[in-house]
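Enquirer: Protein chains in written order, with our numbering: chain B, 1 to 334; chain X, 1 to 295; chain V, 1 to 137.
Bear in mind the hints are in silico, worked out from the structure with no lab data behind them.
Each computed BS3-like pair below joins lysine-lysine, with the alpha-carbon atoms no more than 27 Å apart: (1) K32/B / K169/X; (2) K114/V / K287/X; (3) K28/B / K169/X; (4) K53/V / K295/X; (5) K89/V / K169/X.
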Amino acid sequence: MFKAVGKKAFMKLMDSLSKGYEIAAPRKFSNKGVFYSAITDAGDIYLGAEFTVEPVKKLFLMPSEWLFENRFNDGKISLQGGVPPQEARKRIIIGVRPCEARGLELLDKVFCSDFKDSSYSKNRERSIIVGLACSKPDKTCFCTSLGSSPAETRGMDAIIFAGEESDEMMLEIITDKAREIFAPLEDAACEEHRKKLESEKKKIKDPVRKINIPDALSASFESGYWKEVSSPCVSCGVCTYLCPTCHCFDLVDEERKRLRCYDGCCFKDFTQQASGENPRPTKRERYRQRVFHKFDYFRKNFGEHLCVGCGRCIRHCPMKIDISEIAANAPKNK
Amino acid sequence: MLKELKAISKELLKTKRVDVILAYKRASDGVSAMPCFIFEEKDIDKMILDSYCVYNLSNYIKDFPDKKIGIVAKACDIKSIIVLLQENQLKRADVVIMGIECHGVIDEKRLCPGERPVQDIGFNEKCRSCKSPLPAFCDYLLKEEEERGKTGRASEGDGYASIRKLEAKSPAERLKFWEEEFSRCIRCYACRQVCPLCYCPKCVADQTDLAWFSRASNLKGNMSWNVVRAIHMAGRCVACGECERACPVGIPLMELNKKIEKDVKELFGYEAGADAEQKPLFTCFDKKDPEDFVK
Amino acid sequence: MTDFEPKIVAFLCNWCSYAGADLAGTSRMEYPSNVTIIRVPCSGRMNPIFVLKCLMNGSDGVLISGCHTGDCHYSEGNFYARRRFAVLKSFLGYLGIDPRRFQMSWVSASEGDKWAKLIHELVAEIKEAGPNKMGKE
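Whenever a hint applies, use it, and build me the whole structure from the sequences.
Expert: What follows is the structure, given as structure tokens:
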């Protein structure tokens, strides 16, 4: 089911919904980029072609989060969960790209299956995902090689097709949750609109690059290839933090509180053991681990590659390292 | 310039004067540059040299601790090599510096998706305050054959205009500005990893068994991290701009580091990376150092 | 605001300033009790990260006090400190942190009266600056 709505009417609805719901959407900060922000004024919502720097993952698996705090009162120790208390309000997240929604589905396999991570699951339950189809895929995008596409709707409650020049946008409603929220929006849809929606979908260029991820990376494990391709890497962590699917974390105790914060296999200390040993002492081992986790181990464990082809790691890598090319060119044997 | 550079590099590898050459090659998108490491003469043809060569290759010197290194370096990159020499991180005989004439490198940050508008990409902010296209300290000096039309250098100003603008604001405005910037920090430590002068085996930020400051990416933790790093760079930062370029969330790190650079110049007449014989800033003092702030 | 009692941390060098503060005490000079003293061997031992940690964790003010230049027990420690903290002082101001919150002084072992006067002034200035909101998350 879809509606053709005026952008102004959409923003007005968002403003009225913000009283009952938490609203998060991309917002453009001049010179800095586009970031997911808490929206108090719907006029701040950015639905243009530029991609957010950080993926929507950061609204579910937070960059840093207090898990619990211990108190010592009257000779008794008590644990208080979630400092500060976690938001209970329902949340509407607008502007989620298909690759990012796919990323959430992959994260669900880790945080929301046999074991439900309490804060991640709560965030998933309370969120309604309104996606945004990509009108201008980037040169770094390769989502079509990994089971997604610029107009894919998996993982979304609704999806928006918003042309930059037009005052109108197409809103395709997928789940009942979305139907309920967008009920107040008048539907101006007609045959002309239906045709327009189809042509909008067709207009979206397929990302230029098709990458063939090899089926069996493991044969190349000992190859000198990994030393060569990892040498420009500076182990900075940007690719990991900005990846919609990377999810490794560190647990640190600080002043009676336990903190969970992002961590990455690219950091030297990631596998530092208390004995002093480090099984991944150089970039070669660490970069190889990153490629293997994404394109070998995760599929062996969960059935799919741990990558959605969003291109953030390539776009923001300070050294322009391209993991898609590196994986595609991995030698067939040692 | 590239032909000469390749010839010199070939010779350096052939005579085993160096074990590896740190240079630039074309990235997989066919437009940008990327760092590359050449161990054999047959790979010399990978080298490129153009305005996309923004990276400070001296960051990789720490990856080759016992090797002799040949490095392709712009004037700004050479300043960080000089600081490494001052701090005994490198022996002079173990590095061969191939200095290249540079009129500016391109800032590819924050490109819009879709087509890459080449003519809209401007020069990197750091190039505006560059003193000279020719490096002064090097083993080989490679000059351009032809006159270059465009330059990234600003014709006037000392490069501190934006610092002065911030200094002129009220303390409350400044605090608001920095709190807003630091609130976006995600503690990825890219600024530290791309810096040639951040070479501590265990960074203060990673010392968690008794932590100096929080690892949480809240305002308190982020401010602590960025301020500590700026202080650790005092008198050492050569304003190569890599930290600001690498920051994924666009924090204006050069506004932090250059403020200290300006202060250090005004208070002590000291400039980082100017002279390899000079001692590091905080290992020396002058009996006449200013003390008006001391009661 | 009148109830606000600032919490101030003071790093004193063992040979001059600590002795000077001690002299103020033995001479029964009265001065505000808002200052917690940490003894260091020399002002040259001081690391800017100590000052930063205090301010980030809620101290309303930090003071470093050492020997007068030329009188350092270790000859030169205070010269190094002077350079280091000139940079920190200017930088903290640039970040928007009230400059009154970080101060430095030279107090010799015989200057008990200077110490008492210094603390009176320091506490008054920090009271005016108000509570440090930084450490309160």
